[in-house]
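Number of protein chains: 2
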Amino acid sequence: MLFQSSHASCGLTVYETSRGGCVGRLQASFRYLILQVEWQPVHRAASQLRVVEFKAKEPNHTCGELCWSHVDEEVTLCGWVQYLRQDLFVILRDFSGLVQILIPQDESKSELKNAFLGLTVESVIMVKGRVRRRPEGQENKKMSTGEIEVCAESMEVLNTCRKLPFEIKEFVKKSEVLRMQYRYLDLRSPRMQYNLRLRSQMVMKMREFLCNLHGFVDVETPTLFKRTPGGAKEFVVPTGDPGKFYSLPQSPQQFKQLLMVAGIDRYFQLARCYRDEGSKPDRQPEFTQVDIEISFVDQAGVMSLIEGLIHYSWPEDKGQMNVPFPSMTYEEAMRDYGVDKPDTRFGMKLVDVITAFQGTQIEFIKDALLKPGGCIQAICVPEGTVRTESVSVAPVRADGSLKSPLSRLLSDTRPLLGKLRLQCAELLECYGVPVRDPSVFHFLWVVDFPLFLPKEDDPEMLESAHHPFTAPVPEDAHLLYTQPHKVRGQHYDLVLNGCEIGGGSIRIHNASQQLYILDTILKEDPSLLSHLLEALDSGAPPHGGIALGE
Amino acid sequence: MLFQSSHASCGLTVYETSRGGCVGRLQASFRYLILQVEWQPVHRAASQLRVVEFKAKEPNHTCGELCWSHVDEEVTLCGWVQYLRQDLFVILRDFSGLVQILIPQDESKSELKNAFLGLTVESVIMVKGRVRRRPEGQENKKMSTGEIEVCAESMEVLNTCRKLPFEIKEFVKKSEVLRMQYRYLDLRSPRMQYNLRLRSQMVMKMREFLCNLHGFVDVETPTLFKRTPGGAKEFVVPTGDPGKFYSLPQSPQQFKQLLMVAGIDRYFQLARCYRDEGSKPDRQPEFTQVDIEISFVDQAGVMSLIEGLIHYSWPEDKGQMNVPFPSMTYEEAMRDYGVDKPDTRFGMKLVDVITAFQGTQIEFIKDALLKPGGCIQAICVPEGTVRTESVSVAPVRADGSLKSPLSRLLSDTRPLLGKLRLQCAELLECYGVPVRDPSVFHFLWVVDFPLFLPKEDDPEMLESAHHPFTAPVPEDAHLLYTQPHKVRGQHYDLVLNGCEIGGGSIRIHNASQQLYILDTILKEDPSLLSHLLEALDSGAPPHGGIALGE
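Residue numbers (my numbering), protein chains in the order written: chain A, 1 to 550; chain B, 1 to 550.
Hints are computed from structural coordinates only; laboratory data are not their basis.
Quick caveat, the model's predicted, so the values are computed rather than measured.
Ideal Cβ placement from N, Cα and C applies to all residues, glycine included.
Misleading hints may appear alongside valid ones.
Said to hold, decoys possible - Reference listing, derived: stretches of chain B covered by chain A, where coverage requires no fewer than 3 residues with Cβ under 8 Å from a Cβ of chain A: (1) 113-127; (2) 233-246; (3) 284-290; (4) 446-454.
Unchecked claim - To give an idea of the chain A side of the interface with chain B (calculated C-beta under 10 Å), a few residues: (5) Trp68; (6) Val124; (7) Lys128; (8) Cys161; (9) Asp186; (10) Arg197; (11) Glu208; (12) Val219; (13) Phe235; (14) Val237; (15) Ala535; (16) Ala540; (17) Pro542.
Starting from the given sequences, assemble the full structure and let the hints guide the process.
Written out as structure tokens, the structure is:
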């Protein structure tokens, strides 16, 4: 948050924060883009954009764009005083970068010199001057404008700056609290400038792809809405009418389905969503998702669209990106990685070592194998990293023998081994063993989720694995009436480097099937969704969609 | 609202509704675009957009795009049954338009024929068939696909439709309540489809102009925020912490100013805003504005940018639009039109007829003239419409003589005459006299507003004419300390055909000037805005902006 607030200390919603900060899921994906690549100067991307200028009084150039081709030109620059050097130079900064201003040393210009020397850092000034090549040997190769400097001819202080609580420098480590309190100072750093500008550009490319190339219609849906049954806890907004409240929606799910019924065959929106669940590292009370819904489409169609969308909007400086993305069933993901959002940048898959224990005398293993479906799972740390045994992070050896701490975990082996696998990777990396290449982006589809799961507090009952609007896989539909727990849903998750960055489904468009699922299977009160059931009965087309950053 | 709700019966926020419905100010401008021009078929604009296709199972064509060049082609179409005709034809509709499907009459295809004849209107079907030229003499020139028809070879019912509460036809007048309750049916009408798609395209052009051509950064700002002093009543959102509430912001005003302090020199956002003031024809509890802020800019720069923006995003089918827009001072607007948002599509200006009454014996006029600043104003209905005297709508004759009902209104003549002027225009139009050309768009800047106005309930005190962050006109700044009521603000309103569709200002960037205005002039508690004052003191650049649809 730009201001102090116990609940919403999360900054302008889109801003990347340091690790452990509050970053929504869409942000999580952007964080990947941003944190794991080499630093790129801001000005390259940004200054290219200034194609057409509107009439602004000042300035006529940006700091970062100046180079040898501007030599001898008279320029007007506006920016912030980064620092003074040797009473000779002011380093001036704007969004595009830094430039060196030469303070006149001439006696006749002592007034101007004194004005420069009296500047506090981060004050805002306007400088007029002439660009010149720096004297030989004084070039700065590390600075994009390091070949030139601007000989100041006049200077106006537009605003003076007080003593700040921290310096605007990349290498000054600031506490998270201080960064949040003085968000407007934190955002002046090149890194934060880059992140904000990259997000804006990437979102723009997505809009071009959807709106201009594929005829999607950008529709804004209301955020003052009524309560949605089930799902996350919702924020309420009291109305002037006592006892009546709006709800802030968790997603535009119902609206977008109704837009399909309304004949808006291709809908998208960058939708603000709300969940009253407090802040976690990857959850914020408000967040934004790229929300998409399409009529007359199947699962392959949605997946293909999203691959095209990401490919099109992918930042050039992040390297090659390949489509289509690989795909994996939920069953395979759980079997091989112990999780439904596997990080496929590295191996160390879960393996079944049951054959190694045929006829074992180890009691707890014998017991486990006697149970129905009993098995023995292990993580295989491959040859290349076996040397890490010396740092004791591999509780399961490549040969399959088990270390004792695992004995307590046998009951729910896979998810636990899945977590262990990730912790192994982290530990190995802490000790300098490369496991995950930070510059690669492994996208992955996970499909064929179960449509229902046993309720946690009442395993006899079923609840929706995602939400009650997901359509069954057609060949499983007949099982709805006999063995609903065996039905797979037409649901797909998009996973990036072990983070779920999107999810969607083909929806139910048949009112009686929707009613059966709500009423008979989920035992929910269908009257709460009567408006949706009525809409499905009013000529609803088959439809499906996805939300990125959900 | 898509669903019934007493408070939020306003539909998806962007939707144009019929007169008297709930339309926000941004919408008001779109409504102008939409209501006052001839109806354009949807498919032209929309079908051009389908440049690149992603892999979707079905269909391979849209209804509205078919023409003679598709003759003999095998096509798959998905859409809604518009109606059946003579047991021979089904008229199929999708977003792009209508096409005629020929039901096979062959005995061997009686099953298919019966399936067609059993269809209810608005059911969703998939048809495969071959395009053929209609037999000679059977072409329909009124239909864009009227040269061809599709001979059905197979048909699948994707969803059947119940009996609907109203028909999806332009000419069926529906009540506002029914349209709101069944929004998904209302939106199927060509007019609503066109409106939604036009808005999406126009907004996309605006984004291109700002983001791609001018290097603006699209930044999302939080909507869960703290209370802003002054202004409209805000919605509150209770937190989990008893007694603590978020506020839903009326606008991102503070955020965008802080972004300027943060060095985001060109910011824009399509921002959702909230006002807890109930629904009026031109006010909704939530609405969207095009929010813009720029560093190192002056009033002329902002105005020029907006002219460029509107020119660039102007729909082709709305005719020529000229920039720059004319400009008028607040004083001129009040003097000539009696209002600060004059409809300049027609004359009938307020004129001073004081000379005609020199030496008059009419008592109340004599009295009025004796008062300080006393004057006589009249509306001049020009020659061309003087014939409307016969329908008694011109209370003031062109020769300047006054009708008696005006005598009671002399105390606050201009705003009242301003309203009268508009009512005259409406009345004249009711009687068929053309006054305002419904196809023209008169944009107008109104500038040089007073910075402060006397408070309504305490005229000794001053309040901000717009908001307390507006900077004074530089040459008036010294009057702040002596005659603040005489200070003009660097505020500008954009007016279209008598509607205020935008407003903005150059902001105060000097902390001590901001403090003086809050504390000494407005007598507000400056501690409520201490974060902003602190930010202005931390190297705030000069900046200004605007909001369209405010």
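Hint-by-hint comparison with the structure:
| no. | hint | verdict |
| --- | --- | --- |
| 1 | 113-127 | holds (count 4) |
| 2 | 233-246 | holds (count 9) |
| 3 | 284-290 | holds (count 3) |
| 4 | 446-454 | violated (count 0) |
| 5 | Trp68 | 23 Å, violated |
| 6 | Val124 | 5 Å, holds |
| 7 | Lys128 | 13 Å, violated |
| 8 | Cys161 | 4 Å, holds |
| 9 | Asp186 | 8 Å, holds |
| 10 | Arg197 | 5 Å, holds |
| 11 | Glu208 | 8 Å, holds |
| 12 | Val219 | 6 Å, holds |
| 13 | Phe235 | 5 Å, holds |
| 14 | Val237 | 5 Å, holds |
| 15 | Ala535 | 5 Å, holds |
| 16 | Ala540 | 5 Å, holds |
| 17 | Pro542 | 6 Å, holds |
Consistency note: the structure conflicts with the earlier hints numbered 4, 5, 7.
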